[in-house]
Amino acid sequence: MTQPKRTIALNAQGVALLSGDEAIALAALHCGVTLGTGYPGTPSTEILETFSDLGGKAQWAPNEKVAAEVALGVAFASGRALVTMKHVGLNVAADVLFTSAYSGVSGGYVLACADDPGMASSQNEQDTRRYAVAAGVPMLEPSNSQEAYDFAGLAFAISERWQIPVILRITTRVCHSHTIVKPHGKFTAPPTPCFVNNIPERVMVPAHARPAHRRLRKKLAEIKAWNESEGPHRIIAGSDDLGIITSGIATMHALEAAPGASVLQLGMTHPLPMDLIRSFASRVKRCVAIEEGDPCLNDALRAAGVRVEPRLESYRFGELNVTRVRHLLAGGEEPQTVPPRMKPPQLCEGCPHRSTFSVLKELDCIVAGDIGCYTLAAMPPLQALNTQICMGASIGMGLGMRHTLPEDQARRVVSVIGDSTFLHSGVTGLIEMAYNPPATGHVVVIVDNSTTAMTGLQEHPGTGRKLDHSRASKVAPEEIARALGIPNVQVFNPVKEAARFKQELQSALASSALSVFIARQSCILAFGKIKAYEKAIAEAPPACDDTCAQPVAE
Amino acid sequence: MDTPVINIKIAGLGGMGVLSASTILAEAIFLAGYDVKKAEIHGMSQRGGSVASDIRFGTRVLSPMIPLGEVDYLVAIAPEWADAHRAELRPAGRMLVPGDVDGLENPRALNVALLGVLSRFLPIPEAIWHKALESGFPAKLHASNLAAFQLGRDGSGKTH
Numbered sequence: 001m002t003q004p005k006r007t008i009a010l011n012a013q014g015v016a017l018l019s020g021d022e023a024i025a026l027a028a029l030h031c032g033v034t035l036g037t038g039y040p041g042t043p044s045t046e047i048l049e050t051f052s053d054l055g056g057k058a059q060w061a062p063n064e065k066v067a068a069e070v071a072l073g074v075a076f077a078s079g080r081a082l083v084t085m086k087h088v089g090l091n092v093a094a095d096v097l098f099t100s101a102y103s104g105v106s107g108g109y110v111l112a113c114a115d116d117p118g119m120a121s122s123q124n125e126q127d128t129r130r131y132a133v134a135a136g137v138p139m140l141e142p143s144n145s146q147e148a149y150d151f152a153g154l155a156f157a158i159s160e161r162w163q164i165p166v167i168l169r170i171t172t173r174v175c176h177s178h179t180i181v182k183p184h185g186k187f188t189a190p191p192t193p194c195f196v197n198n199i200p201e202r203v204m205v206p207a208h209a210r211p212a213h214r215r216l217r218k219k220l221a222e223i224k225a226w227n228e229s230e231g232p233h234r235i236i237a238g239s240d241d242l243g244i245i246t247s248g249i250a251t252m253h254a255l256e257a258a259p260g261a262s263v264l265q266l267g268m269t270h271p272l273p274m275d276l277i278r279s280f281a282s283r284v285k286r287c288v289a290i291e292e293g294d295p296c297l298n299d300a301l302r303a304a305g306v307r308v309e310p311r312l313e314s315y316r317f318g319e320l321n322v323t324r325v326r327h328l329l330a331g332g333e334e335p336q337t338v339p340p341r342m343k344p345p346q347l348c349e350g351c352p353h354r355s356t357f358s359v360l361k362e363l364d365c366i367v368a369g370d371i372g373c374y375t376l377a378a379m380p381p382l383q384a385l386n387t388q389i390c391m392g393a394s395i396g397m398g399l400g401m402r403h404t405l406p407e408d409q410a411r412r413v414v415s416v417i418g419d420s421t422f423l424h425s426g427v428t429g430l431i432e433m434a435y436n437p438p439a440t441g442h443v444v445v446i447v448d449n450s451t452t453a454m455t456g457l458q459e460h461p462g463t464g465r466k467l468d469h470s471r472a473s474k475v476a477p478e479e480i481a482r483a484l485g486i487p488n489v490q491v492f493n494p495v496k497e498a499a500r501f502k503q504e505l506q507s508a509l510a511s512s513a514l515s516v517f518i519a520r521q522s523c524i525l526a527f528g529k530i531k532a533y534e535k536a537i538a539e540a541p542p543a544c545d546d547t548c549a550q551p552v553a554e
Numbered sequence: 001m002d003t004p005v006i007n008i009k010i011a012g013l014g015g016m017g018v019l020s021a022s023t024i025l026a027e028a029i030f031l032a033g034y035d036v037k038k039a040e041i042h043g044m045s046q047r048g049g050s051v052a053s054d055i056r057f058g059t060r061v062l063s064p065m066i067p068l069g070e071v072d073y074l075v076a077i078a079p080e081w082a083d084a085h086r087a088e089l090r091p092a093g094r095m096l097v098p099g100d101v102d103g104l105e106n107p108r109a110l111n112v113a114l115l116g117v118l119s120r121f122l123p124i125p126e127a128i129w130h131k132a133l134e135s136g137f138p139a140k141l142h143a144s145n146l147a148a149f150q151l152g153r154d155g156s157g158k159t160h
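Protein chains in written order, with the numbering used here: chain A, 1 to 554; chain B, 1 to 160.
Pulled out of the complex, with its shape left as it was, chain B reads as follows (with noise of 0.2 Å):
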């Protein structure tokens, strides 16, 4: 039998990182053996406009995009322009807000540490969230971004 989909969005503004994160989201889930499908739209994202991101994953996923109401996790890493997709979180959808890191000292590692956020609620063993990381970045971004990554997954943060 299929297990239910679960259903995480990742948004933004260009140039904040949503298409890495989800990359690496979608890395960890592809590596954790699920179905996954990751849906964006490129293009424009580089000037500063709106990003969003979708990310599916379960024992089979049909649609690459979200239905209406049925985002589970909503990663919202510019809040205040997340108003047109709090309206799609399931009625137990979670949010996900920069507010729930504490003592990032790299503000552009803010993406990363709001996947170690998600991370909390996921399926997905440490070691293979650090395998897609690494698989994400450069060597020599790899310490910070892990260091990053620990914090909002450790991090005692509260979340909406």
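With the rest of the complex left out, here is chain A (with noise of 0.2 Å):
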């Protein structure tokens, strides 16, 4: 273990004023977590900066599903595993999850996926409850910073337990709020790593996978009667003329919008403990289900026949709060409220990605652009990007226009993408494009600004550096490009080599030939910080091994 760079301070209570995120990451230390995996994404990043920060073992995978799989095996050998990702993230990762929940583990297995309702940095607002289901494991959800830090370590005893994926699902307003949490360190012991030999439950063919489907099954009924009767579900008596079922967040503004009323709160909301809900709905004279995102308590419920208020359409949209309960409980339509005038984000003075997208928009370029600061190119004045779907997606959908359109279209098609998002899923749309080159060939421009900017600069593969910062060896698009066979690799520098960037670009465009173009220029807020890194590595003391021999005596 590192020298924590940081030490969570309590007050003479014993308590601390932290993030959800900062308050996983505390219960991961306590719970001697084996290795924190992850990637970067709003508003899941700082769980394994303040892991790290506090001692713990953490890293950055190349993507979710690397991250989900590293984990795994963490746990198939009897480790603790934390994985933490946005929710978008857990569809890369979704292949490693739902078989491993046919699967089992050894060890622990949590996965904190954090979702983003409103999108304030996201493509899209899905609900991750809806994977718990799918996939068949246990979903915690906690409603600040304290039930954040007890709900990660409930989350290990449960998957141990029950050698099951657990997924502790935390939205922004956890993830970001802080809020007051009384540390105890009172979770289960961690067990000890060990390979175990187990063919039929670690290799899922089908003649092993069909029992592990029946033994998932299985183990979730018993989970669902533990939660009946064990989990961690709080009941606020109050009136019986209201009965509010809710879970996380909404939790807190339930409270707040009808103090009088009982609330039952759900912190394990998969598998549901249907007969607690049922019997907890019978008791009250109205029974509202609240929650944020998708209606998935209020369809479940209403399945099941508890007798729960319809929820309207429109809060299915954008964050609850307060002042939405209050009208979701007075009932009829939702107020429409006009969107307050904010200033939206841009690229920064000074952003390479500035110069880059000036010279994709002088040659009229139609830009399949990618997720990261660069996509706010498709923003006023420069609207020089034009689509983006998710992550990695530039390459393939670039080659998908090339094929279509008409050949003097076809030849403006330009993908665009960033150093990190390239080497989390952008390889192999670059190999696809290598196999099956459009007949007017392609172009790829990597704009490498040397960071993951858009998360809030952290390491990855391509930097040379580990998420501490410390040094790792560094992966470089522009050989993996010449590896897969692209004749024409050509690194520039986007803000002092603009005129010669246009100038190639013009040509590979003209040409049929595949082409990968790296814009290459340290995102302008990393640069400082990038320089201290990089002193820090050059002073710090040589590891001692094999190359660095003690003098010997004579």
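Treat the hints loosely; a few may be bogus.
[Unchecked claim] Simulated restraints, written as ranges between beta carbons of each label pair:
hint	chain 1	residue 1	chain 2	residue 2	range
1	B	Leu141	A	Phe98	49 to 55 Å
2	B	Pro107	A	Arg6	27 to 33 Å
3	B	Arg90	A	Ala237	29 to 35 Å
4	B	Ser144	A	Val15	29 to 35 Å
5	A	Ile537	B	Pro138	19 to 25 Å
6	B	Pro107	A	Pro193	52 to 58 Å
7	A	Ser507	B	Ser144	52 to 58 Å
8	B	Ser144	A	Pro541	33 to 39 Å
9	A	Met204	B	Leu141	25 to 31 Å
10	B	Pro138	A	Ile431	29 to 35 Å
[Said to hold, decoys possible] Partial pick of chain B residues on the chain A-facing surface, computed with a CB cut under 7 Å:
hint	residue
11	Leu13
12	Ala39
13	Glu40
14	Arg60
15	Pro64
16	Pro67
17	Phe121
Derived from the structure by calculation, the hints contain no laboratory data.
All of these numbers come straight from a predicted model, not from anything done at the bench.
We put the CB at the ideal spot given by N, CA and C, even for glycine.
Fit chain to chain and form the complex, with the hints in mind.
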């Protein structure tokens, strides 16, 4: 374990003011998590950063699927693994999730997955609760930092008791709200890592997976029974005129909006404790399920015959808050609110992406874009990015357009992808380009600002530094492109060599060859930090191994 | 009996120190022994867009987000972008703006100077504010930030 960069100071009452992300990191430390891994994504990013700062072993993976696989290896080896990601990251890791639910685990396997209702910084507002049902894994939903801390520990206990992956579902206002936490460290002790050979439960060929599916459903039935009697639920007694069934952050809004109501807060929302819910609902005259996002609770309760009031469709969209819950309880249509005039974010003054996109705009390119700061190039004044869907999609989508458009338009198509996004899931798109080149060829521009800028300047496999900014080997996108046999691979400084970049881009678009151009210039926000990290690495005493022999006395 | 919750919104643009001011404020409230919740949106905050942070405190705080029309103090670091938040004020709520601070030499310390103005209205002892400020900045910036805070706290500027 490395020397912690940070400790959580408690006051005389033994409490601290922590964000939900920090609370999960502290719980991971107190649980003795073997390894934390993930890919940065708002609002989940600070979990692993804090875990690392507190002295835990944390690392960024190239993407969420790899992170979930590394973590599954940890859990197969009877370690405790924490995987972190934003909601859309679970789409990438879903392949691991669904079948690891069948195989089960030997140690602890917890996926902290952060939803972004209202899309403060995301491309959709998908609801991770659907994944718990679809994959058949238990789900815990904290409503504040204390519960984030407690439930993280409970998630490992459940995972290890039933040998099953567990999702800790958090949302923007749990992750990024600071609330008071009393850490206690009272968690179950971690198992001892060891390899146990168990081919029927670890090799999911059909003959093994068929009984595994039945085992999974049996585990879920047991977990449901436990959840009914011992689950982390809270009943706040109140008037029997109104009963509210809720979970996660919606609990806090509901408690404030309806101070006199009886409230059932569900801490574990899959598998649902339907008997507990039914008994609660039967004791109140009016019963309402209050939830943010999809009508998961509403649908499940009504399907089970629990008489909750139907929820209006408008509450599916955006973040919930106290005002909206008051409207919901008052009944009738939700008043339409005019979105406030806010200043939209934009590419920074001096951002190297501005230079790159100015050239693309001058050449009237059709830009298949990707996820990162450079997506802001779609906004005025540049408006020079034409598509954006998900991580890594720029390359495949650009190829699809090249295959389809009339030649004069096809020749204008360029795929633009960031460095971290390229290593996340652009590499396979590039393999597709080498394998199935369009008749007009294609051009991929990797806008390499040497950091994961959008999520707050995290390291990635191309920066040459690990999560904690210490030295790592460095993956060069240009070497990957050359290894794939792409004939025209060039590296530019988009600020200093804008003219040469434009000229080479023009000739690449006119030719029918495959080109990969790397526009490399550090993010201006990261520039100073990168210099400091590199200085620290240069000044750090070298690790003492075979290459650093002690001087031998004569 | 619970005392009423006091709601403060700090709003501005990315790079103006909204998040650091809200961290210091929440720390001061925490040190003063109240229940406190602070909610903010990160992510796009470094790209010059609108940023706002909700800080709520009292005996017991439930939602981390201030309900519409219940803001007691709106600290508007960029008042030209504060129209959206003005509607969130209580009828008797106060808006604090850069004009409330006179004679600030370093414009980067405006966030802290406005905390000084805000401090006049909050039941938090001065020594606790100083402690919170010191925990929010590296040692070499303590003197300048304490000076900016004191300018806001002691200044004769009006409040709207």
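Here is what the structure says about each hint:
{"no.": "1", "hint": "B:Leu141 - A:Phe98: 49 to 55 Å", "verdict": "holds (50 Å)"}
{"no.": "2", "hint": "B:Pro107 - A:Arg6: 27 to 33 Å", "verdict": "holds (30 Å)"}
{"no.": "3", "hint": "B:Arg90 - A:Ala237: 29 to 35 Å", "verdict": "holds (31 Å)"}
{"no.": "4", "hint": "B:Ser144 - A:Val15: 29 to 35 Å", "verdict": "holds (31 Å)"}
{"no.": "5", "hint": "A:Ile537 - B:Pro138: 19 to 25 Å", "verdict": "holds (22 Å)"}
{"no.": "6", "hint": "B:Pro107 - A:Pro193: 52 to 58 Å", "verdict": "holds (55 Å)"}
{"no.": "7", "hint": "A:Ser507 - B:Ser144: 52 to 58 Å", "verdict": "holds (54 Å)"}
{"no.": "8", "hint": "B:Ser144 - A:Pro541: 33 to 39 Å", "verdict": "holds (35 Å)"}
{"no.": "9", "hint": "A:Met204 - B:Leu141: 25 to 31 Å", "verdict": "violated (56 Å)"}
{"no.": "10", "hint": "B:Pro138 - A:Ile431: 29 to 35 Å", "verdict": "violated (47 Å)"}
{"no.": "11", "hint": "Leu13", "verdict": "holds (6 Å)"}
{"no.": "12", "hint": "Ala39", "verdict": "holds (4 Å)"}
{"no.": "13", "hint": "Glu40", "verdict": "holds (6 Å)"}
{"no.": "14", "hint": "Arg60", "verdict": "violated (10 Å)"}
{"no.": "15", "hint": "Pro64", "verdict": "holds (4 Å)"}
{"no.": "16", "hint": "Pro67", "verdict": "holds (4 Å)"}
{"no.": "17", "hint": "Phe121", "verdict": "violated (21 Å)"}
Against the hints set out earlier in the document, violations occur for numbers 9, 10, 14, 17.
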